[in-house]
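Trainee: Sequence:
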Amino acid sequence: MAVKADFHLHSSFSGDSTAPMEDMILKGISLGLETMCFTEHMDMDYVYTAPFEEGMFELNTDSYLYELIRLREKYAGQIKILFGVELGVQPHLRRELAVYAKSFDFDFIIASSHLCNRKDPYYPSFYEGRSDEEAYREYFLSISDNLKAFNNFDVYGHLDYVVRYGKTKDADYCYDKYKDVLDPILETILEKEKGIEINTGAINYHLKDLNPCTDLIKRYRRLGGEIITVGSDAHKPSAIANGFDRAADILTECGFKYYTTFEKRMPEFHKI
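In our numbering, the protein residues as written are 1172 to 1443.
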């Protein structure tokens, strides 16, 4: 396995996972990973609708950090365990997010768009009464709004996350069709000197490509993008590092010779 670091992981400290952190770590060790960065969900002011329960995406960061430090020490010498978070960004939360991001000594922060204009693309209602293209465009435009509101992150997560849930998923989706809204996103990310991730969790949704799609990653590289992490978005041990060989092949195809990890918010580059 060319990629030895999984930088998008959820355990039972995330509201949508029941996996004990120790079980996740043991699986990572068995797979030969050198580094695991947990990125538990923190979605402030999320709009809760069944099956999601009120408050389930608000992270108890102190409890999470306590357990992570305990297990980091227990498995020292076998694997490196890093302290990350996946922040759900919404423009009206700019102050709350900025304060939170500075309140802990994170190794790594993913900014993600889980809500689009107070609506969750997870639900079919987001796509009802309009084409997938209209829904996807609204989602991409909302990322531009989020980037204007929040700066304290390292990579933007699964940029085309919305295609996981559309009526046609990514069957009719491609970078060229949306480049007028995707290019400004990439340009802003580069202006802010941030990165993106390649998220293999797309495999779980039976998509034709990973998130983001290969042509979008190629465009990011052509624009000068260098920072790219690899994450499985695993919520259970069996999904850890899923599709990492495929991700490495895509990165090579897109012109990357390295993938990125972060520690103490500083990027490190590792040869593929």
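Mixed in with the good hints, there may be bad ones.
The following label-pair restraints were derived from C-beta to C-beta distances [what the hints assert, rightly or not]: (1) 1377 x 1439: 41 to 47 Å; (2) 1358 x 1193: 40 to 46 Å; (3) 1305 x 1172: 25 to 31 Å; (4) 1215 x 1436: 18 to 24 Å; (5) 1377 x 1240: 25 to 31 Å; (6) 1394 x 1301: 28 to 34 Å; (7) 1386 x 1240: 37 to 43 Å; (8) 1358 x 1437: 22 to 28 Å; (9) 1437 x 1222: 21 to 27 Å; (10) 1437 x 1172: 21 to 27 Å.
The hints are simulated quantities; they were obtained by calculation from the structure and are not laboratory data.
Think of the CB as a built atom: it goes at the ideal place given N, C-alpha and C, for glycine as much as any other residue.
Trainee: State for each hint whether it applies.
Mentor: Now for the hints, and whether the structure bears them out:
| no. | hint | in the structure |
| --- | --- | --- |
| 1 | 1377 x 1439: 41 to 47 Å | violated, 33 Å |
| 2 | 1358 x 1193: 40 to 46 Å | holds, 42 Å |
| 3 | 1305 x 1172: 25 to 31 Å | violated, 39 Å |
| 4 | 1215 x 1436: 18 to 24 Å | holds, 20 Å |
| 5 | 1377 x 1240: 25 to 31 Å | violated, 37 Å |
| 6 | 1394 x 1301: 28 to 34 Å | holds, 30 Å |
| 7 | 1386 x 1240: 37 to 43 Å | holds, 41 Å |
| 8 | 1358 x 1437: 22 to 28 Å | holds, 24 Å |
| 9 | 1437 x 1222: 21 to 27 Å | violated, 38 Å |
| 10 | 1437 x 1172: 21 to 27 Å | holds, 24 Å |
In the structure shown, a violation is registered for the earlier hints numbered 1, 3, 5 and 9, in ascending order.
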